Structure formats: C-alpha cells, structure tokens
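Protein chains: 2
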Amino acid sequence: MSASSSSCTNPMAGEEAKGGVTVLPVVEDKYGGVMTEISHPMDPSAFSALLQSSLSSWTLQGKKGVWIKLPRQLIGLAEAAVKEGFWFHHAEKDYLMLVYWIPIEGDTIPSNASHRVGIGAFVINHNKEVLVVQEKTGRFQGQGIWKFPTGVVNEGEYIHDGSVREVKEETGVDTEFVQVLAFRQTHKAFFGKSDLFFVCMLKPLSLEINAQETEIEAAQWMPWDEYTKQPFVQNHELLRYMTAICSAKANGDYEGFTPLRVSAPDQQGNLYFNTRDLR
Amino acid sequence: MSASSSSCTNPMAGEEAKGGVTVLPVVEDKYGGVMTEISHPMDPSAFSALLQSSLSSWTLQGKKGVWIKLPRQLIGLAEAAVKEGFWFHHAEKDYLMLVYWIPIEGDTIPSNASHRVGIGAFVINHNKEVLVVQEKTGRFQGQGIWKFPTGVVNEGEYIHDGSVREVKEETGVDTEFVQVLAFRQTHKAFFGKSDLFFVCMLKPLSLEINAQETEIEAAQWMPWDEYTKQPFVQNHELLRYMTAICSAKANGDYEGFTPLRVSAPDQQGNLYFNTRDLR
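Going down the list, the sequences are from chains U and Z. Per my numbering, residue 116 is the first one in the first sequence, and the count goes up by one each step. Per my numbering, residue 116 is the first one in the second sequence, and the count goes up by one each step.
Think of the hints as simulated: they come from the structure by calculation, not from any bench. Take these hints with a grain of salt, some might be off.
Just so you know, same-sequence chains aren't split out, so a pair can sit in one copy or run between any two.
[Claimed, not checked] In silico PhoX-like pairs for lysine-lysine, Cα to Cα no more than 20 angstroms straight-line:
| hint | residue 1 | residue 2 |
| --- | --- | --- |
| 1 | 178 | 251 |
| 2 | 145 | 303 |
| 3 | 303 | 198 |
| 4 | 208 | 344 |
| 5 | 208 | 184 |
All of these numbers come straight from a predicted model, not from anything done at the bench.
Take these sequences, add in the hints, and give me the full structure.
Here it is in structure tokens:
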C-alpha cells in the first residue's frame with residue numbers, strides 16, 4: 116500500500132458502485148489495496164451497513180488490503196469495523212489506522228514502524244575533557260553516575276541533527292557533528308519495540324555549560340580518564356567497548372561513518388559511510 | 116513510563132481508593148505514571164464514570180501520565196476515554212494504547228516508534244558475480260531492473276539475521292553476514308515514518324538459485340560490471356555511492372561495521388563498529 120495521505124471526500128455521501136450499491140469513497144494504492152479516510156461523523160449502524168456493502172463491492176473487484184483511517188474524534192466507529200474483521204495497523208496521536216485483508220491467501224500488509232532511534236554523544240574538548248551529565252529521572256537517577264548526553268531522535272529528524280539538538284538541550288553546548296562511531300541494536304526496549312542506539316562523535320563549538328533544568332541534575336567537562344574509571348563504565352561490557360572506540364577515535368586511529376546528503380529520484384536522504392576508505 | 120506489560124486484575128471490580136471511591140486498578144511506572152489494562156467488557160457509561168473517579172483520584176495523588184491499554188475486542192470503550200481528553204499513543208494488531216497527561220506543565224510522554232528498518236544485501240561470489248533480483252510488485256515492477264535483494268527487518272530481529280533471512284527467502288541462497296557497509300536515513304517513507312536502510316555485505320555459502328514465487332520475478336548471478344552499467348544504477352546518485360562502496364569492499368579496501376554480541380546489565384544487544392580500527 117502507498118503512504119499516501121490523500122484525503123477522501125465526505126464518506127456519508129458514499130459513492131455509487133456498479134449495480135447501484137453505495138460504497139465508501141476510496142483512494143487506490145499500487146498494491147491492489149484501497150484506503151478510506153472517514154472525515155465526518157455518522158451513525159455507527161449506518162457506517163456498519165456502508166462498510167458491509169463496500170467490502171462486498173471491493174471483494175468483487177478483487178481488491179486486497181483495505182485501510183480505514185479514523186480520526187480520534189470518530190473513534191466510536193471503530194467497533195463496527197472490528198466486528199467486520201478489521202484489526203489495528205498503527206495509531207498516531209490523532210488517528211487510528213485499521214486494516215483488513217480480503218484474499219484467502221496470507222496477507223502482505225507492511226509492518227508498522229518497528230524501531231525507536233536514540234543517540235549517545237561523545238563530545239571531547241582540546242583538554243581531553245568529555246562532556247557528561249547526571250540525569251534527574253530514569254534508570255541512573257541519584258547514583259552519581261556521569262554519562263554521555265543521550266536522547267531520542269525524532270520522527271523526521273536526521274541522526275546528526277538529533278545529536279546536535281540533544282547536546283544543546285541538555286548542556287547548552289554548541290557542537291558540530293563528526294561521525295557515527297558505532298551503533299547498537301536491542302529488542303523489547305519499549306512497548307516491545309526494538310531500539311537502535313547510535314554512538315556519535317561531536318566537536319564542541321562552545322564550552323560554557325548551561326544544564327537543562329527539567330531533565331539534567333548536573334553537567335560538566337570531565338577528564339576522559341576520570342570518566343572511564345567509573346565503576347559504572349568498567350563493569351559494563353557495552354560501555355567498555357564504547358569507551359575503547361571513543362579513545363581510539365580521540366587518538367585519530369578510528370574511522371566511523373560520516374553522513375553525506377545524497378539524492379534518489381524519489382527522495383532526499385543522508386548516507387552514512389566510511390568516507391576515509393572510499394577516498 | 117515503563118515498558119511493562121503486566122496485566123491488571125478485573126477492572127470491573129475496581130478498587131477502593133482513600134475515601135471509598137472506586138478507581139481502575141493500575142500498575143505504577145517509575146516516571147510517576149499509571150497504566151490500566153482493560154481486560155473485561157463493561158458498559159461504556161460505567162467505564163466513563165469509573166474513569167472520571169479514577170482521574171480525580173490520580174490527580175490528588177500527583178500522578179502524571181495515565182495509560183489505558185484497550186484490547187481490540189473492547190475498542191467500543193475508546194470513545195469514553197477520548198471524551199475525557201485521552202489521545203492515542205500507539206496501536207498494535209490487537210490493542211490500542213491511549214494516554215493522558217494530568218499536570219499543567221507540558222508532557223514528557225515518550226514518542227512512539229519512529230523508524231522502519233530495511234536492508235539491501237550485497238552478495239558477491241568468487242567469479243565477481245553479484246546476486247540480483249527483479250521484483251514482481253512495487254516501484255521497480257516490469258522495468259527489467261536488476262537490483263540487490265532488499266527487505267524489511269522485523270521488530271525483534273537483528274539486522275544481520277534479517278539480511279540472511281531476506282536473501283534466503285528471495286533467492287534460496289544461503290549466506291553468512293559480513294558487515295554493514297553504509298546506511299541511509301530518509302523521512303516520510305511510509306505513513307509519515309522515517310526509514311533506516313542498511314547496506315549489508317554477505318558471503319554466499321551456496322550458489323543455487325531458487326527464486327521466491329510470490330515476490331520475485333527472476334533472480335540470477337550477474338557480472339558485477341554488468342550490474343553497475345545499468346542506467347538505473349548510473350542515473351541514481353545514491354546507487355552510484357553504494358556501488359562505489361561495494362566495489363571498494365570487494366577489492367578489500369573498505370571497512371564497514373561488524374556486529375559483536377555485547378551484554379549490558381539490563382539487556383543483550385549487538386554492537387556494530389569498525390573492528391579493524393579497534394584492533
């Protein structure tokens with residue numbers, strides 16, 4: 116199915132299908148599916164009848180996937196769709212997307228977004244001091260642990276932009292993105308979703324610290340050796356690796372992936388790769 | 116909020132809060148929030164009344180985020196929650212998660228999964244032939260374009276496992292994962308979600324091709340030079356870069372990120388990094 120968000124006209128009006136049956140107005144996708152976006156209130160029993168006649172019509176037409184986009188304010192219509200066999204595909208703040216598969220063979224409905232993306236920022240200055248924070252809430256709260264600034268990359272945000280933003284928000288320090296040094300993939304991180312965490316090196320453009328009040332207990336420039344000597348770092352296999360990678364990078368011996376803006380006919384994007392080895 | 120999926124007891128029974136008010140049973144999270152999972156049918160007006168008294172009680176207790184997990188079969192209760200100000204956080208096939216924020220200050224509710232993860236597999240044999248396919252559906256259908264096997268990494272699946280699985284499914288060829296050579300991040304790819312696409316090198320362990328009937332029109336081993344000469348590759352900035360990276364890798368001049376299983380106190384994961392430079 117397509118990612119089209121084209122909106123339909125008033126579904127209350129319905130449309131005349133072949134044979135004079137009233138069906139929901141749809142947008143077709145290039146995978147043999149149809150999507151209807153409900154935009155006006157209607158009586159649940161009227162919706163139910165309209166949905167039944169529509170499904171009959173789409174079945175005759177050989178349609179495959181059927182998508183119903185329900186705005187939050189019309190959630191009262193969801194029950195009728197579930198009774199017809201629809202299930203949930205995904206939801207965002209203001210809508211629920213329901214889906215149904217007409218053919219007898221197994222469905223090829225694309226899966227929902229599966230991963231959250233996070234970053235950890237390695238910011239080291241000319242005195243071999245690293246930018247570290249203590250967090251006010253969460254797992255490390257009140258343990259006196261100094262850690263890299265971390266955060267979540269937003270939907271629609273590039274990893275390098277997200278890193279620069281998080282460092283600025285948490286510490287007030289301006290930075291320039293250098294490289295992705297490594298990434299980690301884990302599962303069942305959050306509501307059963309998977310997680311991709313990118314370790315990024317950034318170059319400081321300013322030194323003055325201005326810690327975020329809401330989330331950060333304290334922030335400082337800490338000598339790199341002092342950071343690595345923390346038991347929290349020493350006793351943590353993943354952090355030991357990350358520390359070794361950052362040390363190698365600080366010494367100029369390590370090459371990560373650098374982002375480059377590249378275009379494809381259909382969309383813009385950033386390609387991250389080992390630019391040194393491609394020279 | 117926690118990713119806990121602990122289920123509550125029968126919410127119809129409710130619980131006696133201080134002062135004898137009946138409230139929904141909840142599981143508390145470590146961010147000052149509460150989650151209730153509705154597991155039994157109830158009358159929407161009874162649910163509405165219970166939710167109102169619960170919200171009063173949680174407000175007095177200083178609670179912040181309130182989460183309601185509604186199974187698909189009880190979607191008829193969602194309207195009552197929306198009327199109380201709840202919005203949608205996310206949905207999976209069989210449930211809808213609603214959320215509400217009690218404090219006056221802005222919410223710190225964590226975002227929904229934001230990215231889909233895909234792979235493209237560079238599989239080259241000892242004769243400098245690359246494994247390529249033509250797809251039956253989608254963007255490249257019927258254009259005679261030979262491309263790398265590609266696919267979506269499932270929730271809960273490692274990138275390296277997903278690559279090996281997709282190559283096997285599409286072509287029947289067994290492979291061993293070598294490295295992530297590069298990755299691309301794009302936005303608005305699918306229902307507005309972002310997309311991370313990993314270019315992976317795999318070593319063939321078998322040569323016989325057995326193309327997947329449902330999705331693949333044809334599959335073959337194609338001389339690398341012939342692949343790169345396709346206008347489809349030449350006219351596509353992203354593919355030109357990917358091709359240059361794969362050529363460098365095939366010549367032994369390029370180092371990508373190799374996965375290593377590392378543990379953290381709370382979870383297992385794979386760290387992908389430049390292992391050559393860390394030696």
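Next item on the list: Run the structure past the numbered hints and jot down the numbers of the failing ones, going up.
Entry: Violated hints: 3, 4; rest satisfied.
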